[in-house]
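Chemist: Spelled out from the first residue to the last, the chains are:
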Amino acid sequence: MCGYTARMARLPGPRERASSGTRRSASNSVDLVLYVSASSRYAQSAQRNCRTLLDRFDRRQVKFEVCDIGEHPERAEEDSVCYTPMLVKRHPLPRTYVVGDLSNAEPLVDLLKSCGVTLRR
Amino acid sequence: MMTKVKTGVPGFDTLTFGGLPVGRSTLVAGRSGTGKTIFGLQTAANFARHGLKTIIVGIEETAEDLLATGDALGFNLSGLFADGRVHVAEMMRPLEEPTVVSGDYDLFGLVHRIEHLVQKTGARAIVLDSATALFSPRPPQGLLRNHFFQLVHCFRRLGLTAIILAEAPSDYAQLTTLGVEDYVCDMVVVMRLAMDGERRRRSIEINKYRRSPHYKGEFPCTITTKGLAIFPLDAPDRPDSEQIERYSSGVTGLDEMTHGGFLRNSIMLVRGPTGSGKTMLAGVFARAGAMRGERVVYYGFEEPRPTLIRNFDEVRLGIGELVRAGNFKLICRYPEATSLEDLLVDLRLGLEEFQPSLVVMDSISSIEHASSEKGFRQFMIGVASILRGHGRSALLTQTVLAGASADHTAPYLSTIADAILTLDYTPSAYDMNRTMRVIKMRGSAHATHPYRLQIGAGGLHIERWSAAAHQASAEAEERWTGARS
Numbered sequence: 001m002c003g004y005t006a007r008m009a010r011l012p013g014p015r016e017r018a019s020s021g022t023r024r025s026a027s028n029s030v031d032l033v034l035y036v037s038a039s040s041r042y043a044q045s046a047q048r049n050c051r052t053l054l055d056r057f058d059r060r061q062v063k064f065e066v067c068d069i070g071e072h073p074e075r076a077e078e079d080s081v082c083y084t085p086m087l088v089k090r091h092p093l094p095r096t097y098v099v100g101d102l103s104n105a106e107p108l109v110d111l112l113k114s115c116g117v118t119l120r121r
Numbered sequence: 122m123m124t125k126v127k128t129g130v131p132g133f134d135t136l137t138f139g140g141l142p143v144g145r146s147t148l149v150a151g152r153s154g155t156g157k158t159i160f161g162l163q164t165a166a167n168f169a170r171h172g173l174k175t176i177i178v179g180i181e182e183t184a185e186d187l188l189a190t191g192d193a194l195g196f197n198l199s200g201l202f203a204d205g206r207v208h209v210a211e212m213m214r215p216l217e218e219p220t221v222v223s224g225d226y227d228l229f230g231l232v233h234r235i236e237h238l239v240q241k242t243g244a245r246a247i248v249l250d251s252a253t254a255l256f257s258p259r260p261p262q263g264l265l266r267n268h269f270f271q272l273v274h275c276f277r278r279l280g281l282t283a284i285i286l287a288e289a290p291s292d293y294a295q296l297t298t299l300g301v302e303d304y305v306c307d308m309v310v311v312m313r314l315a316m317d318g319e320r321r322r323r324s325i326e327i328n329k330y331r332r333s334p335h336y337k338g339e340f341p342c343t344i345t346t347k348g349l350a351i352f353p354l355d356a357p358d359r360p361d362s363e364q365i366e367r368y369s370s371g372v373t374g375l376d377e378m379t380h381g382g383f384l385r386n387s388i389m390l391v392r393g394p395t396g397s398g399k400t401m402l403a404g405v406f407a408r409a410g411a412m413r414g415e416r417v418v419y420y421g422f423e424e425p426r427p428t429l430i431r432n433f434d435e436v437r438l439g440i441g442e443l444v445r446a447g448n449f450k451l452i453c454r455y456p457e458a459t460s461l462e463d464l465l466v467d468l469r470l471g472l473e474e475f476q477p478s479l480v481v482m483d484s485i486s487s488i489e490h491a492s493s494e495k496g497f498r499q500f501m502i503g504v505a506s507i508l509r510g511h512g513r514s515a516l517l518t519q520t521v522l523a524g525a526s527a528d529h530t531a532p533y534l535s536t537i538a539d540a541i542l543t544l545d546y547t548p549s550a551y552d553m554n555r556t557m558r559v560i561k562m563r564g565s566a567h568a569t570h571p572y573r574l575q576i577g578a579g580g581l582h583i584e585r586w587s588a589a590a591h592q593a594s595a596e597a598e599e600r601w602t603g604a605r606s
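Chains A and B, in that order, are what the protein sequence lines are.
Anchor point for the first sequence: position 26 equals 26 in the working numbering, and the numbering is continuous, going up by one each time.
Anchor point for the second sequence: position 251 equals 372 in the working numbering, and the numbering is continuous, going up by one each time.
No lab work stands behind these hints: they were computed from the structure.
Ideal Cβ positions, reconstructed from N, Cα and C, are used throughout, including at glycine.
Where hints are given, some of them may not hold.
Claimed, not checked - Computed list of lysine to any residue pairs in SDA-like fashion (alpha-carbon distance at most 25 Å, straight line): (1) LYS241(B) / ARG75(A); (2) LYS241(B) / GLU77(A); (3) LYS63(A) / PRO219(B); (4) LYS113(A) / LYS347(B); (5) LYS174(B) / ARG75(A); (6) LYS241(B) / SER80(A).
Claimed, not checked - Covered by chain B, according to a simulated footprint, are these stretches of chain A (three or more residues, beta-carbon under 8 Å): (7) 52–66; (8) 77–91; (9) 95–109.
Model the full structure from these sequences, guided by the hints.
Modeler: Next up, the structure:
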């Protein structure tokens, strides 16, 4: 649980996020949020799976953050997240959801490819 | 000892001996259209009004729609929402967007959001509308059971009195579409809207109530402009009045037959074939009450109002004047035109509003003919419940075949009625002898031989049919038939 706290502390506020979203919308970068709960047994595996997967791609094209809903329930509200783990692609629109611990890599790989994220050389 | 909290839904707290289990989850299952959401909103509003802050979690509908539904039924949900006594959380379609499944998952997102809401609002009750929509698309059965358990456990941990609504695939087969909810809930309520003959019949059943007694079986209910109302079919016992109070039936001879008139707070059933004088007796009875200054309601189910008034005027009962005076209410309706549940609600609301001490229904047979056997039985038990609940005296008429007054088969009617009077006639070539008997009269002695009844100016005339008069009548008959042959 504490593992995410340091990361969360660096998260921009909602206003900031909105503006940064607008800025990035011009670029090709993909904005991903992985919602987890420290109470959930899938929290660790989801993060691990996600990171391993993202490492196959060019990370400069992906903005990735982890959000612990237990700490920040109001953020789950924004993306109407009920299930955990839930990966939300916030940008580019439309918002897309991948539910589960990503033990099946395909959905996320397809998602990144469809957004034009290139594999690491 | 388990604590309960009243829902305020009319009748429900009687069925459950006090309402919902505090801090526990109650499952309300039913097909779409059975009134689950109304039950949830009505209870939420009542909770909120009594200081129990309630969260309504809408999965299927927007907050706006839920508030509008509640407002339309007079729950004033918008007002309670504005006051912060009700909180509506929209959690629309959690898996509806383009969602892909990539492995195992659980429900902690929702759990944390509910925890957050409870902390923020101080809510102590929650209505989830509905579990079915929350788990849609539906995860594999094992996972589903797990998720639902997490949810109920979360409510329990937060000390929430929860109402969880769930869709049922049919009225009588499987309890819920998901098939996992009832195991972990302390109470299970089933709402139905089943076909019964040509009509739909609403009912509610307490299927299970852990650690508490409850009424068993289906009870009729209805949805009115004021929300859901249930008829527990037997009214709470009224305190026994120490003194037996009698009042006049309106006919001297009938008072004599009953050894001093009818008893207060009792239901009289008058049985007889067509033309035996039931409506006339009902009219005379109602008129006498109104003349004494009592408030009287007369429900005519057989003829339109002008016809009824005219017929009464024929024998100079002057019902029209009494109606104008204000303490006599004459309501004519055709039972075919409405559902029995709605009729029952009309009766209840009408009685509550007008507060009559005498009620007449002429005749219950027209209701019987417009419904199924089961529907009629429920209706009559409901009527008895409404009447007794208010300590009213009532006269109900019932049409039976000539000569069959005494042995009509509907045992529950005999149980409902405190007194049964039968009217009959023996058509003969010469004359028509109308007779009347008291079959039973709880709490009173009564005459056992027949009386003779005549209809004329002023209504009815009832006199003891003496052996001599009987003899004279038989002789006249004989003379008449003898003269013709």
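Chemist: Against each hint, give a clear statement of whether it holds in the structure.
Modeler: Status of the hints after comparison with the structure:
A hinted pair counts as satisfied when its Cα atoms are at most 25 Å apart, and LYS241(B) with ARG75(A) qualifies at roughly 15 Å. Proximity of LYS241(B) to GLU77(A) is assessed by CA-CA distance (about 14 Å); at most 25 Å being required, the pair is judged to hold. With a C-alpha separation of about 20 Å, the suggested pairing of LYS63(A) with PRO219(B) holds against the 25 Å cut-off. Taking the CA atoms of LYS113(A) and LYS347(B), the gap is about 56 Å. The hint is violated against a cut of 25 Å.
Distance hint between LYS174(B) and ARG75(A) is fulfilled; the C-alpha atoms sit about 24 Å from each other, no more than 25 Å. Under the criterion of a C-alpha separation no larger than 25 Å, the hint pairing LYS241(B) with SER80(A) is consistent with the structure, at around 18 Å. Figure legend: the region 52–66 of chain A, annotated as covered by chain B; annotation inconsistent (0 residues with Cβ-Cβ distances under 8 Å, at least 3 required). For the region 77–91 of chain A, the stated coverage by chain B holds: 9 residues have a C-beta nearer than 8 Å to a C-beta of that chain, and at least 3 were required.
By the rule of at least three residues with a Cβ nearer than 8 Å to a Cβ of chain B, the coverage given for the region 95–109 of chain A holds, with 14 such residues.
Violated hints, listed in ascending order, are 4, 7; each of the other numbered hints is respected by the structure.
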